[in-house]
Each structure stands twice: as C-alpha cells, then as structure tokens.
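Listed below, chain by chain, are the residues.
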Amino acid sequence: MRLLTHNMLSSNIKGVANGFPLGIEVEKVIEKQVELSADFLRNLFPKIEWKALVDAARTMGYAELPEEVDSSMLDSNEFLTKFHHALLELHLEEGALVCPETGRRFPVTKGIPNMLLHEDEV
Amino acid sequence: MKLKQLEGLLGDLQQFSNPKAELEQYPTGPHIASRILFTAENSFGDVSNKVVADLGCGCGTLGAAAALLGAEQVIGIDIDSQSLEIASQNAEDLELDINFIQSDIKNLGWRGQIVDTVVMNPPFGTRTKGADMDFLFVALKIASQAVYSLHKTSTRDHIKRAALRDFNASSAEVLCELRFDVPQLYKFHKKKEVDIAVDLWRFVPKDNQGKEGKDT
Chain A
233 MRLLTHNMLS SNIKGVANGF PLGIEVEKVI EKQVELSADF LRNLFPKIEW
283 KALVDAARTM GYAELPEEVD SSMLDSNEFL TKFHHALLEL HLEEGALVCP
333 ETGRRFPVTK GIPNMLLHED EV
Chain B
279 MKLKQLEGLL GDLQQFSNPK AELEQYPTGP HIASRILFTA ENSFGDVSNK
329 VVADLGCGCG TLGAAAALLG AEQVIGIDID SQSLEIASQN AEDLELDINF
379 IQSDIKNLGW RGQIVDTVVM NPPFGTRTKG ADMDFLFVAL KIASQAVYSL
429 HKTSTRDHIK RAALRDFNAS SAEVLCELRF DVPQLYKFHK KKEVDIAVDL
479 WRFVPKDNQG KEGKDT
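Each protein sequence line maps, in turn, to chains A and B. Using this note's numbering, you'd call the opening residue of the first sequence number 233 and step up by one each time. Using this note's numbering, you'd call the opening residue of the second sequence number 279 and step up by one each time.
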C-alpha cells in the first residue's frame with residue numbers, strides 16, 4: 233500500500249468523529265521504483281494532507297520530507313523526487329493501520345489493508 | 279496501446295474460482311472491460327496520468343485495464359479476500375502496481391477527492407436490493423472527475439433520477455448499451471447462459487465540473 237492510498241483512507245467506525253489520519257504500525261516496508269511524473273505530482277499536491285504524509289513517511293523510515301511546504305517548491309526537482317518517493321514508492325507490506333480515536337487496528341497483509349468493520353462498529 | 283492488445287492482455291487474467299452469489303460476483307469480461315477503459319481514455323481523457331479507483335473490483339479486470347492505459351495510481355476495493363488475492367496475483371502477473379483495500383463499499387472511510395475517476399461493475403442489486411445504488415452513491419462522493427459504471431438497462435430511469443437528484447451528479451449519460459453474458463455460475467441460473475442488457479454510464483460529479491479538462 234502506497235502512502236498516497238494512506239492519505240485517502242480513514243477510520244469509519246461508528247461514533248468516530250475524525251478517523252484521519254490512520255496511524256501506521258510497521259512490520260515490513262518495501263520500495264518499488266516507478267517513473268516520476270512531475271505534472272501528476274503538481275496536480276496532486278493541493279489535495280494531499282501534507283502533515284499526514286510527512287508523519288506516515290517518517291514512520292516508514294523516510295525522514296526527508298520538509299515539515300513546511302508551499303506550492304513554489306513544486307519547481308524544485310529535488311523536492312519532487314522526495315515527494316514522489318514518499319507518496320508512490322514506499323509501500324507498507326505488513327503491519328497495521330490504527331484508528332486515531334479508538335486505537336482499533338486494521339491489519340495490513342501482503343500490502344492489503346483489511347478495513348472491514350465488525351457488526352457493532354457499523 | 280491498441281484496443282485488441284488491451285483485450286488480449288485482459289483475456290489472460292484469472293477469474294473467480296468460487297463465485298459468491300450473495301455478492302453477485304460476475305466476471306467483467308475482457309471484451310467489455312477493454313472497451314470501457316478505452317472509451318474513458320480516448321473519448322474523455324479520464325485514465326492516463328490519473329488516480330483511478332475500481333469499486334467492487336473482484337478479480338481486478340477494470341483496474342488492470344486502467345493501469346495498462348497509463349493511470350498513475352489504481353486502487354481496487356472489494357469486500358472479499360479471495361477476490362483480492364486473485365486480483366493481486368493478476369496485477370503481479372501483468373507487472374502492474376495496483377493498491378488493493380479490503381472494505382465494504384457501504385462503510386468505506388474516505389477523505390477528500392484525490393480519486394479522479396471511478397470505474398466499476400457494481401452488483402446489479404438483484405440479490406441484495408439497492409446494492410447498485412450504494413456503489414453509485416460512494417463513487418460520486420469520492421471521484422472528482424468522472425464515474426463509469428454498468429447498470430441494468432431496465433433500471434435506466436431510476437439510475438438517472440437518483441444520480442442527478444440524490445447523488446450530486448451534474449450529468450448522467452448512457453454511452454452505450456451492452457449485452458452482458460452471465461455464464462451459468464450459480465445453481466439458481468436455469469439457462470446455460472443469460473444475456474442481460476446493460477448500460478455503460480458516465481457520470482460527472484457536481485462540485486468539480488468546472489475543473490474538468492483543466493488539469494490534463
């Protein structure tokens with residue numbers, strides 16, 4: 233699971249007011265190289281919750297993203313390379329996503345998070 | 279990529295080994311899947327360089343087609359772990375990087391509208407009434423650009439009304455009518471093969487109509 237996907241997912245347990253961002257428990261991270269598309273990153277940038285991405289990347293062992301950003305940085309190749317790597321090349325292969333309010337764990341197996349809710353959570 | 283080539287690649291994908299009737303798991307054949315994505319890409323520019331989600335992805339045929347046509351990120355979501363296992367294997371066989379999530383579409387926890395395009399072959403709602411509408415509601419909530427979906431032709435008026443009035447669509451257009459071959463997968467099917475008339479729809483979510491085409 234890429235961190236781009238993490239940036240969209242939230243906990244939808246009944247009674248949880250803000251299920252985003254999900255915490256990450258890491259057992260295994262893998263990296264898969266993909267080609268960088270600057271246009272894609274520039275279009276995506278305004279939709280990304282930056283702090284959630286920075287924290288998630290750090291948990292996954294990648295601490296190169298700046299805490300503070302603005303859109304002028306999208307002209308820098310160095311920044312785009314880091315943004316690209318964090319967003320699209322780091323994968324949570326084994327571990328869990330954790331609801332920020334209840335601490336409920338959603339296990340991630342072979343890269344697939346299991347977000348199924350129990351009957352009493354719907 | 280040429281249409282024939284796309285259809286050929288999708289033809290090698292593994293399909294459901296034990297389809298579950300309650301989830302209405304009918305495979306999306308390579309013929310239909312290739313044409314849906316080819317239209318989405320070549321007529322509307324909704325696939326390449328986009329974030330594409332496949333709701334109720336099953337064995338992942340539509341998502342794989344999106345990835346083959348150059349989607350930057352493809353997300354396949356399904357409730358059934360066996361389907362996701364096959365979908366994952368299919369993606370690996372074609373060397374495609376697709377993210378899968380196991381979730382009930384009804385209960386999907388989602389933030390924002392990072393997804394540009396949804397492509398889906400939802401349950402037709404014949405076994406679980408309203409399942410088709412649950413999918414359409416979620417699709418129009420998470421997509422910023424377009425939703426492609428298959429629905430039974432017999433429900434056309436109902437779909438159009440619900441999409442425009444209740445689900446925040448600014449447009450709902452039937453692109454073509456297809457014949458969907460449903461092979462005899464389940465015991466309750468009396469005939470050997472059933473041919474259902476199905477519409478291919480393209481919906482545009484309301485909030486984002488102004489943005490259409492701008493970010494290509």
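Careful, some of the hints might be misleading.
[Claimed, not checked] Footprint (simulated), chain A over chain B, 3 or more residues, beta carbon under 8 Å:
{"#": "1", "stretch": "353–363"}
{"#": "2", "stretch": "381–388"}
{"#": "3", "stretch": "404–411"}
Calculated directly from the structure, the hints in this document are not laboratory data. Glycine residues also receive a C-beta, built at the ideal position from the N, C-alpha and C atoms.
Are 3 or more residues of the stretch 381–388 of chain B near chain A, judged by a Cβ distance of less than 8 Å? Coverage by chain A holds for the stretch 381–388 of chain B (6 residues, Cβ < 8 Å).
Taking a Cβ-Cβ distance under 8 Å as contact, does the stretch 404–411 of chain B have three or more residues in contact with chain A? violated (count 0)
Three-residue Cβ test at 8 Å for the coverage of the stretch 353–363 of chain B by chain A: Three-residue rule met by the stretch 353–363 of chain B, so holds; n is 4.
Checked against the numbered hints given earlier, this structure breaks only hint 3.
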